[in-house]
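**Q** The listed protein sequences derive, respectively, from chains A and B. Under the numbering used here, the first sequence has 173 at position 173, and the numbering climbs by one with no breaks. Under the numbering used here, the second sequence has 69 at position 69, and the numbering climbs by one with no breaks.
Be aware that one or more of the hints could be misleading.
[Said to hold, decoys possible] Which residues of chain B face chain A? A partial, calculated answer using Cβ under 7 angstroms:
1) Gly275
2) Glu276
3) Ala282
4) Tyr283
5) Gly284
6) Thr286
7) Val374
Simulated from the structure, these hints should not be mistaken for laboratory data. Because the structure is a prediction, the values reported are computed rather than measured. Where is the CB? At the ideal position from N, CA and C, for every residue including glycine.
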Amino acid sequence: MYLLETEKIVKTFNDTGEKLLILNGIDFRVERGEMVAITGESGSGKSTLLHILGLLDKPDSGCVRFNGELAPTEDKLLSKFRNQNIGFVFQFHYLLEDFNARENVAMPRLIGTGNRSESLRIAQDLLSSLGMQHRLNHYPNQLSGGEQQRVAIARALINKPDIVFADEPTGNLDAKHSNEIISLIEELNRDMKQTFVIITHDKSISSRMQKSYTMQDGALRLG
Amino acid sequence: MLGVVIAVAALLVSFALFEGYENALKEVILGANAHVYIFRSGSDDLSKEDMRRIREVLDSQTEISTYAPIILTQALAVNKEQHAGILLRGIEPDGEELPTAFRKYVQTGSAELSNPLDTVIGVRLADQLGVTVGDSIKLVSPMRTRITPMGIRSRSRKFRISGLYQSGMYEYDSRFVFTRLETASQFASIGNQVSSVEIKLHSDEVENADALAYEWEKELGLGFQVVSWIFYNGNLFTIIVLEKWILFIIMSLLVIIASFNVVSATATSLMEHQGEIGILKAYGMTNANLKLIFLSRMIVLATIATAVGEAFGWIMGVFLTRQTLYQLKGDVYFVDEINVHFSWQNCLLVFGVTMLIVALSTLIPLRRISQLKVVEILRG
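Just chain B, with the same shape it has in the complex:
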């Protein structure tokens, strides 16, 4: 049964790793982003008139927790000799509730953006530029480059870093720069326009985001594009779920291999107890009842082995999350921490699959019981 213990532990921990990764990714993606975005079709920004229409539609939607306009523009962040391409996000930071978990992820400094030229930048970007809270960086907008008699001139502005943003998502932490909406508007020279509207849904509506986006797009009419987080990340999560189940099937093969021992153990047990089988048959015990005795014995052993294996898997999972020897590469896997997620559903699934495999493996040699003849057993 040692094989079953190890196989169950491997199966459970691999499943928990994938689920942990999926959950961590979903948490960061849903935390750092809104659940639904509304854009103007094409590459235009949303005008004041568009915003009025959007408010008209959104204010009556019960599924919405909050929404707010956002300005998104690309820029270059410069500090002395260091520079990096960034995504400037102009937000309204004063609302009671924001469409994203912006405040939660500002773990160093302040998320208030109380001064117009305050900025919060990703923690990895800060590392890259060699700056921290209280330092200044210059943002250069290549989008607003002008050609003058003096040469090419770019719009640039100096910002003070008031906080560092750490979501755990490598891409966000190395690219995002947050400032107030009006500051971003001035920086991008887009007047009263905004790039899009970010919508946060009530938690029980998050998985319905795609359907809601479709419905609101119809309601808003021509000229608007409504996109959900599922549209942006659906493929990623589909692949993760697919990989998770493929891994589950592969790891289940380990249990099947381990169950070969169950087959031989049952066959040996049958050989050892032939005399007893013979006498029980002589006294009228049916083949079905005899099989049930051997099967229940193996099921009890398998239950213990599976429980031990699941406990072992849980310990391995806890160790993996606490160890510091190996971390994920954030630029490859999006998140840089190993996460595991154990749920009773998964434990039950692993338990069920293991029991099924062990039961089938036990039944194979048990077929012999029907072929055993009492007389032959008694003759030795």
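Pulled out of the complex, with its shape left as it was, chain A reads as follows:
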């Protein structure tokens, strides 16, 4: 059974009255513990696909299955499902400016459980395991780009999700920090068997993944 499976995902957008076909019947599968890259040109529909896979958007037709079951459609159930099963890392870290690193990481667990002290303790452990123990109480504007993205990765992992979707996680970083982040993702995949689906422009990154797909003309092609 696949961890993530899609069937004939179709998505169109209306652009000044003209219907643009972005995703044309995508069938996509990810096994537990895999690290998958999706590459493609700008505007090819990579992010749209990631949003649908991450249940942030709905397809016009087709379906998304997690562990063989259809993803929920009702808003409240969907929010809960995302909270417990899916992690996100975006190009922009989207850390909450008024909260420190530990509180930012704790946020998804706090949303899910409402237990503040437990959430903060787990966040602290997680940040420490990612080498951020010296930055626990720093606010996002006191962290470097690489550190901000490490905090975002820790936030994505706090609820021990089945899968983490990363949309250009190194898009805003220089080569050194970019390499550090990808190495961290590889480490997490190797040590914790964490499943990642990563959207990237960078061929050097996609080549480090176990599988790599290319998005072209609304279709996914392996390799």
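Assemble chain B onto chain A, guided by the hints.
**A** Showing chain B alone in chain A's frame:
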């Protein structure tokens, strides 16, 4: 939030001014007058027999603190070239407790009326006549004018001023002249009769005066008229209370205007935190919880603003009572001092109304949270 601070201060101080005025007026009216009066129906005075019947009924009433007869007659007060129309009140000043706060209001001289021709006159009347304690005035009774072969003769008598009466109520201070009951009786030539009986109620019965008056009138039977302070002043206090609430509503509009800033501040905050809203939604936070976060933030700010506004209003109120630049016109407003009355109930009311308005003003822009789509936010 500065707008809310100012609006709350204005709302609280205006409410406190009205309530202060209402209380001051009530205190003077209830202090200078009795709570219930018993008259003979028509224009007759109360006879000895009437008094016996009244005592029979009143002595068994537990609501009564004290009661006493009074003679009321109009006269003219004259001092040299000065003269003024007055109301002569013949009272029994020797009782342990009087039906009115007569003693309290005699602040200059003595309230004893120990000599039969002693009199206490209103402080404004004294000013008008140019007299003070120790001086004499002549009271002329136009009611007892006789036509004689020598012409029209009025009954007049000279009185010595033993004290000045200052209630703060302009009308009373410029019209009232007090003397002993028997002196007034002789002056008005009414023999053993009295004008009415003044009744003071226990403080917890004051607001029931109307019902008690109705009950006693029935008990006394035909020929008696029992009237409460509410009958005399009810309309005045109804108008004051009505004006107070109208002003409260008008002043609440200031808070509504101030809350427009809350609407724009919340809308701006939503714009600024769109990315954060997006990520929190992505991580499963519900729209209701997101709204609660923004709402609680605004409620905390509004609580601080309201507390500061109430403190500012209180300072303004204290300043108004202590300043001497402006005083009320006693002949227009009955009392000539500005009074303010702050109560925790009013502070709570202002707080509640402000919080409600701010909460509603915050919820209007917060409706947008439900319409914000995570994908659109993340796409920027």
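**Q** Please go over all the hints and tell whether each is borne out by the structure.
**A** To see whether the hints hold, each was checked on the structure:
1. Gly275: holds, 5 angstroms
2. Glu276: At 5 angstroms from the nearest chain A Cβ, Glu276 of chain B passes the 7 angstroms test, so the hint holds.
3. Ala282: At 5 angstroms from the nearest chain A Cβ, Ala282 of chain B passes the 7 angstroms test, so the hint holds.
4. Tyr283: holds, 4 angstroms
5. Gly284: Interface hint status for Gly284 of chain B: holds (3 angstroms vs cutoff 7 angstroms).
6. Thr286: For Thr286 of chain B, the interface hint holds, since the closest Cβ of chain A sits about 6 angstroms away, which is under 7 angstroms.
7. Val374: holds, 5 angstroms
Hint compliance for this structure: every hint is met.
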